[in-house]
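**Q** Sequence:
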Amino acid sequence: MGESSGGNIAYHVALRASEMDLEPMKIQGVLLDQPFFGGVERTSSELRLIEDPYLPLFMSDAYWSLALPFQANRDHEFCNPFIYGFDKVRRLPRWFVKDDEGDPLIDRSKEFVRMLELNKVPVVYRFNPGGFHGVELENNTAALAFFHDVKNFIYNTRAAED
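Numbering of the sequence shown is given in the UniProt record's numbering, commencing with residue 1 and proceeding in unit increments.
Hints were generated in silico from the structure; no laboratory data involved. C-beta atoms are modelled at their ideal positions from N, C-alpha and C, and glycine is treated no differently. Treat the hints with care, since some could be wrong.
Ranges of calculated distance between the beta carbons of each label pair, as one might list FRET restraints [claimed, not checked]: (1) F86 - N156: 20 to 26 Å; (2) Y155 - E77: 28 to 34 Å; (3) E101 - N140: 14 to 20 Å.
Computed list of lysine to any residue pairs in SDA-like fashion (alpha-carbon distance at most 20 Å, straight line) [stated by the list, open to error]: (4) K88 - M20; (5) K26 - D87; (6) K110 - D52; (7) K151 - E136; (8) K88 - L118; (9) K120 - P93; (10) K88 - R16; (11) K110 - Y125; (12) K120 - D87.
Between the sequences and the hints, there should be enough to build the whole structure, so can you do that?
**A** Here is the structure:
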């Protein structure tokens with residue numbers, strides 16, 4: 001499970017773990033809250049929310065310039081999940097993705113969900129109208145709703161396994 005950059009990390013850890021024999025542990029699902037994915041081509045949400053108070057575009061670019069290997073651009077596999085296809089993603093049983101309407105990252109996240117669905121990968125998608133990047137940190141109602149969704153995803157994943 002991860003939120004924002006933690007969502008990106010959770011994504012990559014899950015993919016790498018899917019290639020390992022972790023018995024007796026078994027990954028049942030991956031939870032991504034506003035995953036911090038990027039790419040060279042700007043999305044409409046990035047352009048619409050260029051001056052976002054929580055994640056303005058210049059800060060997103062700065063984070064990527066610090067996080068990516070030297071001379072890599074935002075179409076690097078660490079940033080853009082669409083670069084190398086979805087072969088590894090299919091190995092994981094279930095995904096949960098949550099987005100907020102006012103998040104500059106929403107278009108990339110929605111595209112990620114579409115790719116999961118097109119590849120017949122089970123995904124639970126939650127959309128929060130009116131939210132923003134990191135809304136759960138400031139809004140208790142949003143945080144409780146998110147925790148409820150996470151709890152349901154975990155319990156439903158466990159029930160499906162039994």
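**Q** Confirm or reject each hint.
**A** For each hint, the structure was consulted:
Separation of F86 from N156 is about 23 Å and conforms to the stated range, judged on CB atoms against 20 to 26 Å. The given range of 28 to 34 Å is respected by Y155 and E77, whose C-beta atoms sit roughly 33 Å from each other. The hinted range of 14 to 20 Å is satisfied by E101 and N140, whose Cβ atoms lie roughly 19 Å apart. For the hint linking K88 to M20, the alpha-carbon distance of about 12 Å falls within 20 Å, and the restraint holds.
For a cut-off of 20 Å, the pair hint linking K26 to D87 stands: about 19 Å separates their Cα positions. Of the pairs offered as hints, the one joining K110 and D52 holds, with about 19 Å between alpha carbons and a cut-off of 20 Å not exceeded. Restraint check for K151 and E136: the C-alpha separation of about 15 Å stays at or below 20 Å, so the hint holds. A C-alpha spacing of about 14 Å is found between K88 and L118, which places the hinted pair at or below 20 Å, so the restraint holds.
For a cut-off of 20 Å, the pair hint linking K120 to P93 stands: about 11 Å separates their Cα positions. In summary, the hint linking K88 to R16 is supported, as the alpha carbons are separated by about 8 Å, within the 20 Å threshold. Pair hint K110 plus Y125 holds up; C-alpha atoms about 9 Å apart against a cutoff of 20 Å. Of the pairs offered as hints, the one joining K120 and D87 holds, with about 12 Å between alpha carbons and a cut-off of 20 Å not exceeded.
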